[in-house]
Amino acid sequence: MFHHKKRIWPVLLVAGALTFSAACAGDDSGSGSGDGGDGQVTIRFSWWGDDSRHRITEEAIALFEEKNPDIRVQGEYSAWDSYYDQLTTQVASNDAPDVFAIEIRRLGEFARRGSLADLGGLVDTSDLNEQLLPSGNVDDVQYAIPTGANTFAVMLNKAVLEDAGLEVPDDTSWTWEDYLELSARIGENTDSGVYGTQINFNDAYLRVFANQRGEDFYTDDAMGISEETLTDWFRSHLDLIDAGASPDAARSTEIGSTGVETSLIATNTGAMGMWWSNQLNAMTTGSGQEVEVLRMPREAGSDTSGMFLQPTMFWAAAESGSHREAAGKLIDFLANDPDAARILGSDRGLPMNDAVLEEIRDEMPETDIASLEFISAMEGELTDPPRAYPAGAGEIPDMLQRYGEEVIFGRMSPEEAASAFLNEADNTLG
Amino acid sequence: MTAVQVPPKQALPQAVPVLPDPEHARQSRRKRRREALTALAFLAPWFVGLIVITAGPLLASLYLSFTDYSLLGDHEWVGLDNYTRMFDDPRFVKALTNTAIYVFVSVPLQLSFALALALILDRGVRGLPIYRSIYYLPSLLGSSVAIAILWRKVFGADGLVNDFLGFLGIQGTSWVSNPDTALGTLIVLNVWTFGSPMVIFLAGLRQIPGSYYEAASIDGAGKIRQFFSITLPLLTPIIFFNLILQLINAFQSFTQAYVVSGGNGSPADSTLFYTMYVYERGFNAWQMGYASAMAWVLVLIIASLTAVNFLMSKYWVFYNDK
Numbered sequence: 001m002f003h004h005k006k007r008i009w010p011v012l013l014v015a016g017a018l019t020f021s022a023a024c025a026g027d028d029s030g031s032g033s034g035d036g037g038d039g040q041v042t043i044r045f046s047w048w049g050d051d052s053r054h055r056i057t058e059e060a061i062a063l064f065e066e067k068n069p070d071i072r073v074q075g076e077y078s079a080w081d082s083y084y085d086q087l088t089t090q091v092a093s094n095d096a097p098d099v100f101a102i103e104i105r106r107l108g109e110f111a112r113r114g115s116l117a118d119l120g121g122l123v124d125t126s127d128l129n130e131q132l133l134p135s136g137n138v139d140d141v142q143y144a145i146p147t148g149a150n151t152f153a154v155m156l157n158k159a160v161l162e163d164a165g166l167e168v169p170d171d172t173s174w175t176w177e178d179y180l181e182l183s184a185r186i187g188e189n190t191d192s193g194v195y196g197t198q199i200n201f202n203d204a205y206l207r208v209f210a211n212q213r214g215e216d217f218y219t220d221d222a223m224g225i226s227e228e229t230l231t232d233w234f235r236s237h238l239d240l241i242d243a244g245a246s247p248d249a250a251r252s253t254e255i256g257s258t259g260v261e262t263s264l265i266a267t268n269t270g271a272m273g274m275w276w277s278n279q280l281n282a283m284t285t286g287s288g289q290e291v292e293v294l295r296m297p298r299e300a301g302s303d304t305s306g307m308f309l310q311p312t313m314f315w316a317a318a319e320s321g322s323h324r325e326a327a328g329k330l331i332d333f334l335a336n337d338p339d340a341a342r343i344l345g346s347d348r349g350l351p352m353n354d355a356v357l358e359e360i361r362d363e364m365p366e367t368d369i370a371s372l373e374f375i376s377a378m379e380g381e382l383t384d385p386p387r388a389y390p391a392g393a394g395e396i397p398d399m400l401q402r403y404g405e406e407v408i409f410g411r412m413s414p415e416e417a418a419s420a421f422l423n424e425a426d427n428t429l430g
Numbered sequence: 431m432t433a434v435q436v437p438p439k440q441a442l443p444q445a446v447p448v449l450p451d452p453e454h455a456r457q458s459r460r461k462r463r464r465e466a467l468t469a470l471a472f473l474a475p476w477f478v479g480l481i482v483i484t485a486g487p488l489l490a491s492l493y494l495s496f497t498d499y500s501l502l503g504d505h506e507w508v509g510l511d512n513y514t515r516m517f518d519d520p521r522f523v524k525a526l527t528n529t530a531i532y533v534f535v536s537v538p539l540q541l542s543f544a545l546a547l548a549l550i551l552d553r554g555v556r557g558l559p560i561y562r563s564i565y566y567l568p569s570l571l572g573s574s575v576a577i578a579i580l581w582r583k584v585f586g587a588d589g590l591v592n593d594f595l596g597f598l599g600i601q602g603t604s605w606v607s608n609p610d611t612a613l614g615t616l617i618v619l620n621v622w623t624f625g626s627p628m629v630i631f632l633a634g635l636r637q638i639p640g641s642y643y644e645a646a647s648i649d650g651a652g653k654i655r656q657f658f659s660i661t662l663p664l665l666t667p668i669i670f671f672n673l674i675l676q677l678i679n680a681f682q683s684f685t686q687a688y689v690v691s692g693g694n695g696s697p698a699d700s701t702l703f704y705t706m707y708v709y710e711r712g713f714n715a716w717q718m719g720y721a722s723a724m725a726w727v728l729v730l731i732i733a734s735l736t737a738v739n740f741l742m743s744k745y746w747v748f749y750n751d752k
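Protein sequence lines, in the order shown, are assigned to chains A and B. Take the first sequence: its letters are residues 1 to 430, numbered as in the numbering used here. Take the second sequence: its letters are residues 431 to 752, numbered as in the numbering used here.
Same shape as in the complex, but just chain B (with noise of 0.2 Å):
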């Protein structure tokens, strides 16, 4: 899922010149055409998944959201009243800001943690594969369950943190049930998840041709110089590439919220993420024509950002191919 592009290292073998023989010109087309029939019936269950499973359901929520749809029974249309309603709902605000906070916290910790620990890891660490998989680990955890339900006990009143805080005289809360404090164990969590970009990162980091630190030290640039000169400039690209990718993520980030707030964004709505509230609105209050409208309004966040991003990267992405 998170592959990284690489340029291939050899160009494709070019195809053979086609002779001017009209006989064979047509066996080739009719070929070509088995072929091309060939991957589309391949390609056939994916299109069906995209239709049936995404594309379908994709349109009914456009059109539910705007109509009072609750699930059971009729529905009629509102026109836009599910998309007004929004501003003049506090809990809506409230997960807005929440995810926000979440979003804009922790996406710029979980980066600088993964290219701090490639940094490292490419150092020509003896075993780096075994340390590239436990890190990488808790990015295949962290959104699962069972992580969540870890943090609820790490971070609990009686949780390993207390007892680390107690070792060292210091009275810990329940961080997890404390207004205060939950957003925050949720950050943490998604920073602990670093291991994915850390991986690209780690393979960005390999591109760099060492000629060009050759070349620094020669000049007599410092290994900080180096960094700052060579090393973060060429590996622009894939920063951005992670930016993109992590910030679409935790915008939709559900399953730790849920499962560490007992599913209502307890305490006090601390931990209501936007995705949480939709859900609720939709399968709790039997809303579904707002919670519809809810997530095409997530979508048009997301699109924005991402293409604020695009346009921003104009200033500060380099891509050394040019």
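Looking at chain A on its own, in the form it has when it is part of the complex (with noise of 0.2 Å):
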């Protein structure tokens, strides 16, 4: 047996070449960005989200190619669970995407990281939205185009509020108190199995909540929020199922973690809750039912709604891209062409070209034109949109949640949950 080890190494010298020329040929077409042969150039371009939106996507792709033949577009496209692992890895691996879509919570940390390229020049911002073009800018650098305008609000369904025997709040003058009021009421005069309002983690509520403090969420490096209004803000939740004007603990839970389909205005059973202005269309499929954008409950006595406008996504080139001006195409094409504006709808946020806006404004449908008015009637309330966060801030929204969930199952009270909280938090960002 002994003389046929020897025989190993050839067939792994064989085996070793093959792989390692299988390797370099998969370099040479595997990153897709090559040249063709007609002097055509490939770019990769990468979003998440559902079957709608990639349909959209690729409508909009394919007029794009058609109006500039010397540029092809390849999507990719991902469930938003495992969007940010496929980025990420393939940023890390030197084979980012040219073109891809991102959201604030990790703007900041691509960007300083040096993975981001600069867009300034690349793409015309002459027409975009100046209260919301700066949220893409990171230490003074254009890192990222916002893809749409949004403002976070409280939802209400018309019918299930009727149901319950009420009528549509004032919400210019709403507290919190006559939030939590109404939403129990409207849980003790309905059905059982319908509420008034849903629990909801989003970092987005505590944002406006600690804004009409006058507190910020983030400084630069740490959190913002002070340890008081991070346990008031979840006191609110226990209060509301402690009133019965939520699911109690564990079916909050379940709705809490699913999404616009099972909430409870889509489902009717429920009159509020609390949402992304662009999520008004779904809310309204859903339910079946007129569903209308309120402004967010006050501190009693605040100078300010809280609220903000927020970038709903961005569009971002790799730093690492060998076609920068192909990807630069893209985006201002994604920004700034009425015809893209007409496919992508408010999908990723209202278009932010006001030129644009204008022009499409009278084909959009009527739930899109709701939340625009919402957002018009809100303009000089709304603060300006955030910036972008600082590293590790992606971790926040999942460690709110757990928290959150430590509280309504009594586990910690609302003040130790505060206090871990921000000690973790603390210890995250940097």
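No lab work stands behind these hints, which were simulated from the structure alone. None of the values given here were measured: they were computed from a predicted structure.
Among the chain A residues that face chain B by a calculated CB cut under 10 Å, a handful are:
id, residue
1, Tyr84
2, Ser115
3, Glu395
4, Asp398
5, Ile408
Each residue gets a CB set at the ideal place from its N, CA and C atoms; glycine is no exception.
With the hints as a guide, bring both chains together as one complex.
Below, the structure is given as structure tokens:
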């Protein structure tokens, strides 16, 4: 048997050589951004979302290719859950897509680690909303272009409210106490299984809550929220459950972790909830009822609504991409072309190019016009959009939910949760 | 994957005795060499896979576990920091506890179920292949995303379980979303996938010679006595095999908890499994160095548990062929 062993090496060598050449070949074609034979370039474009988003984005890509015959766009889309895992791995292995969608929670981290290309000069930003644009700016470089505008607000299912025999509140003056009281009364006046509102651990809610008290969510490298505010915020959820305004802790957790389709409003089992304004369409479709957008309630005596304009997502280009000009053209097309806006609608937020918005306004569906009118009516009340978050901010939403659950299940008091959260968050950020 | 090592019924035909003719010897040597080369060529894809896909990343992760690698950007050598950090990380302790409870509750239950069912089916039930297939099915599906989603529905507030309880007049909760019961639903899910150990038990039961039982019943041993004195001792190697396999599997479970909890161990970290925490630290928090260290600690835990099992096996596993 012994002399057979020696024969392993030629085989291994051949196998190794094969793998090596396969790997090299993969490098040539695998990155997908090579030049075509006829002077064409191919760029890769990556986003997350559901089927309807994939469909319209593909449609927009087809139009872009028609208008730019020398550029081919290869779409790579995935579901939200796996999007960042995939994107981060690609960026880490220098195989990032040329253009990709990203949101504010990760923008700062990607930009500061040198993974994003400077879009200055590549994309025409002259017609883009001046209040929104700076949110894509990190350390004075325009790394990202907002895809659209959004705001976090209360939504109201009118049919459920009418069933409860109650009237739409005046949202210019209502307080958190009014909100709790109204929610509790809706719960009392309706059948069991129908509630006033649903628990919401979205960090946007906390941001509004804190802004009303004059506190910022983040400082440059830490949490800006005081322990007292956080304690009150955690307690507000407990109060809703105790008052019967929201489902019990377990049911709330089940609903809260699954999104729009199972929300109380969309299933007609609750009157209110806090959502992003671009989710109005999904809520209306889901419930089959008229859904109204309301301002967030206020801290009694506060002089600000605390509400803010939010960049729904951003378009960014990879620093490692070799076809930056083509990437810039694609982003420019997505942000500034009226035909692109016609196809994409408000799926990634209301278009932020004022000229484009004016041109397509009449063709927009009713729910888009409703949220557009809501945002327009709030002009002056909405504070500037948040700037890129400190490193580690990507972990904060899950952390908030975790401590929120500790509170509503009675495993921690609001005070304990607030202090433990701030401790863990400050260790994470930086 | 889970095939049993069944000793061949007949010995393989012996090789033809080599004649002392030198020419013939050279020829047969050349032939054997060629055969060995062919075998190696066929093995090559597997070797390459092992080296490129398994061994390479394995060594890389060992190196990374001593660095502060974050997926993006540079990394620096941090020595044992990642390893010592685990002791001060309450979520690490939580993940380890959750996983330990899951493993040490669900595996014994799962194996008992599997054995009980194998015993019943071994009684010569008519249509055995059909039953075997039906009970095996959950094993094939158990770790899939689809079943995990189904589990969410079945144990949800408006799920089947509560419908049934409501029928009995009991008010249920949302089992998957309650921190006191969420881990329990995952344990039930794992127990439910008793099919694959069951099939192995069935094969093991078939190997016990019927003459033993005949002799025992002639000596006046009842069914229960027969089970404890014949079936169980002769089945211990199979039990041992199943135990090792299921322990290792259970320690590494990921999909079910990931889907049932929505990917973050919700509610309140009660379903945060070890592997999920590794994944979260690596891909969500971008602490790939720390995640690699945790992965290696898991390897050590599983390896030492398996080693202890093998050492203990001397005292309870009985090999009939000795």
